[in-house]
Amino acid sequence: MEYFPNILFALLLIAGIGYFARNVKKLARNIKLGKEADVSDNSSQRWKNMAMIALGQSKMVVRPIAGLLHIIVYVGFVIINIEVLEIILDGLLGTHRLFAFLGPVYNVLIGSFEILAFLVVVAVIIFWIRRNVIRLQRFLKPEMKGWPKKDGNLILYIELVLMFLFLTMNAADYQLQLKGAAHYASEAGIMGSFPISGFIAPLFENLSISSLILVERTAWWLHIVGILLFLNYLYYSKHLHILLAFPNTYYGNLKPKGQFKNLQSVTNEVKLMMDPEADPFAAPDEDAPEPEKFGASDVADLSWVQLLNAYTCTECGRCTSECPANQTGKKLSPRKIMMDTRDRLEAVGKNIDANKGSFVDDGKQLLDDYITREELWACTSCNACVEACPVSIDPLSIIMDMRQYLVMEQSAAPTDLNNMMGNIENNGAPWPFNQMDRLNWANES
Amino acid sequence: MAELFAKGEQPEVLFWVGCAGSFDDRAKKITKAFIRLLNKAEVSFAVLGTEESCTGDPAKRAGNEFLFQMQAVTNIEVMNAYEVKKVVTACPHCFNTIKNEYPGLGGNYEVLHHTQFLKQLFESGKLGLQGGTFKGKRITYHDPCYLGRANAVYEAPRELIKKLDAELVEMKNCRKKGLCCGAGGAQMFKEPENGDKDVNIERTEQAMETKPDIIAAACPFCNTMMTDGVKNKEKEASVAVMDIAELIAQAEEL
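Going line by line, the protein sequences match chains A and B. Take the first sequence: its position 324, counted from the start at 1, is 1308 in my numbering, and no numbers get skipped. Take the second sequence: its position 100, counted from the start at 1, is 1303 in my numbering, and no numbers get skipped.
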């Protein structure tokens, strides 16, 4: 029975990481439902972007308050993970503060973890206040009703609880070390430094050693179990961005934002039309593959990078708050475009799971069942959403792909736009002016 | 262009006038102001005239990739036939499309927006501003999306405004955060969706907060939207909407 805790811990660890790995596999499968995209170019610039934007948070600080608070939570999360490594090793080996041999370095480490944990608590509380008391407008848009709002708060509660457990664990440990409890205290003196939990420790002063051990062990176990649960919560939450922000910024667009991709399938058609050698009466080749669908009406028509974008979105709403259409009360919200794409992709993934690996038509699609035409036609293609995104998501490309489907597959453009396009076809300008009058301005005074 | 080419001459630069610059009464004034500057600087240039056709930008942004590529391929054939090397245009939409989307279809040119070209003319001494028609005037500059965010051209137009000895005042949303005028993405050619207000009114209100004498634009469509916005606010008597080429031409007393 001596090794019971070690074995239990190992089992928990395997279960926690195993279940997460299973979901990551599902995530990768869903993303691969998207069409191919060539992102093999310019890898040095891509690494640089990842380092600057994801690792360096360069676009978060465009909004200084949210940016600074986010950096605290982000740095806290990354650094405190060093402590999680020690906790995992302690759990497996049955040791206590395995890294304490680092001596003064260890004290500095534990001390800085504590200070970071405290700062994270402060930042998380301010984040909660922004969402629930100040009620910042971008957190209250229609697409945030229900689960997205709950999800946002839940993440903050979990982080808060984890930090409190971490500090409680340290406080009890500190008391135990002061009281010279076996297994806890070291002859070398106090292991670690406790600048924050030192203030909590006096609360435990009158507890017996056995009660202290109970408090310390409870906090220790809840903390690590909490971390494993949080890890598995990611897949079901917008919080996936903590992982996906890295690949997403790597695969982000490197071209000028105004450059929209030219559809190769259309180029082939146009070349055929312009080719004087082409036989206008040629019967289509019997074995010819079905012509490629133009544009996107469902998630499988989008590229895998766009689908990765959808999973990466953490619903911060910076895109929507910069969107001119949204600012003037139109239905379009770039954040909703990303959330809808993700929700549809999840539905398709569940459909595949339920039908033994193949998708069975569910009578739904991204267009109309998730994203309405009114939203798509409200976009001015101004790129404000793309510029605003702190993790290089491109909602505009999805809007444009869906417009292509509406116009080229369904001929379903608004009447005004059909008139405009008719004019371009007939007289080479969006207005009904004669092409031969193009130079008239030169002779007008 | 055809005439020069027939004579065996090659202009230094092709001025791509664009549909607005050719047909829209307001934008035609921008075209002429820019031409006066080109002539003053003795730039050798030509226009395609009746051989120019829509770049296809509004068709592409509306989702009609087919029509866009038909327009693009046709225009590229014309420009390649005339061995065009360098293109300048006063329309950020034409600029963006020819610069970024034509190369993939066989059209490779050096493409400049007219504010970039004018800046070069100043730098090479071909244009020099004297006198200060706009001295002390408050001018606010509206970043066109397809020049600013789309192609990261923020400074050329501002440097030109500074040459006017005027006071350049920035709106609360400028440069990377510039707010759209509401015309892009083919919105120019349709009614807006239902909402609380039109985008151009929102942007005009931001411009008005700077208490400007002049709203400077660098795009014929932004010009239209901002002009409509100013009229909506009944401020057309005190606030003018002018293209940067017009400002320079007027300051040069052309």
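The set of hints was computed from the structure by calculation and includes no laboratory data. C-beta: ideal position from N, C-alpha, C; glycine also. Fair warning: there could be bad hints in the mix.
Quick list of the computed label-pair ranges, beta carbon to beta carbon [what the hints assert, rightly or not]:
#1 A/E1358 / B/G1309: 54 to 62 Å
#2 A/N1410 / B/E1280: 18 to 26 Å
#3 B/L1332 / A/M1036: 32 to 40 Å
Which chain B residues face chain A? A few, computed with CB under 10 Å, are given here [stated by the list, open to error]:
#4 T1234
#5 L1251
#6 A1265
#7 E1268
#8 F1325
#9 G1328
#10 N1354
#11 L1371
#12 K1375
#13 K1379
#14 K1380
#15 G1385
#16 F1392
#17 I1404
Hint check:
1. A/E1358 / B/G1309: 54 to 62 Å: Given a distance of about 37 Å, which is not inside 54 to 62 Å, the answer is violated.
2. A/N1410 / B/E1280: 18 to 26 Å: 19 Å, holds
3. B/L1332 / A/M1036: 32 to 40 Å: 39 Å, holds
4. T1234: The hint holds - B/T1234 has a Cβ within 10 Å of chain A, the shortest such distance being about 6 Å.
5. L1251: At about 8 Å, which falls below the 10 Å cut-off, the nearest Cβ of chain A leaves the hint on B/L1251 intact, so it holds.
6. A1265: Holds - the Cβ of B/A1265 comes within 10 Å of chain A, reaching about 5 Å at its closest.
7. E1268: 5 Å, holds
8. F1325: Violated. Min distance 25 Å.
9. G1328: 28 Å, violated
10. N1354: 5 Å, holds
11. L1371: 22 Å, violated
12. K1375: 12 Å, violated
13. K1379: 6 Å, holds
14. K1380: 7 Å, holds
15. G1385: 6 Å, holds
16. F1392: 4 Å, holds
17. I1404: Nearest chain A Cβ about 8 Å off; hint holds.
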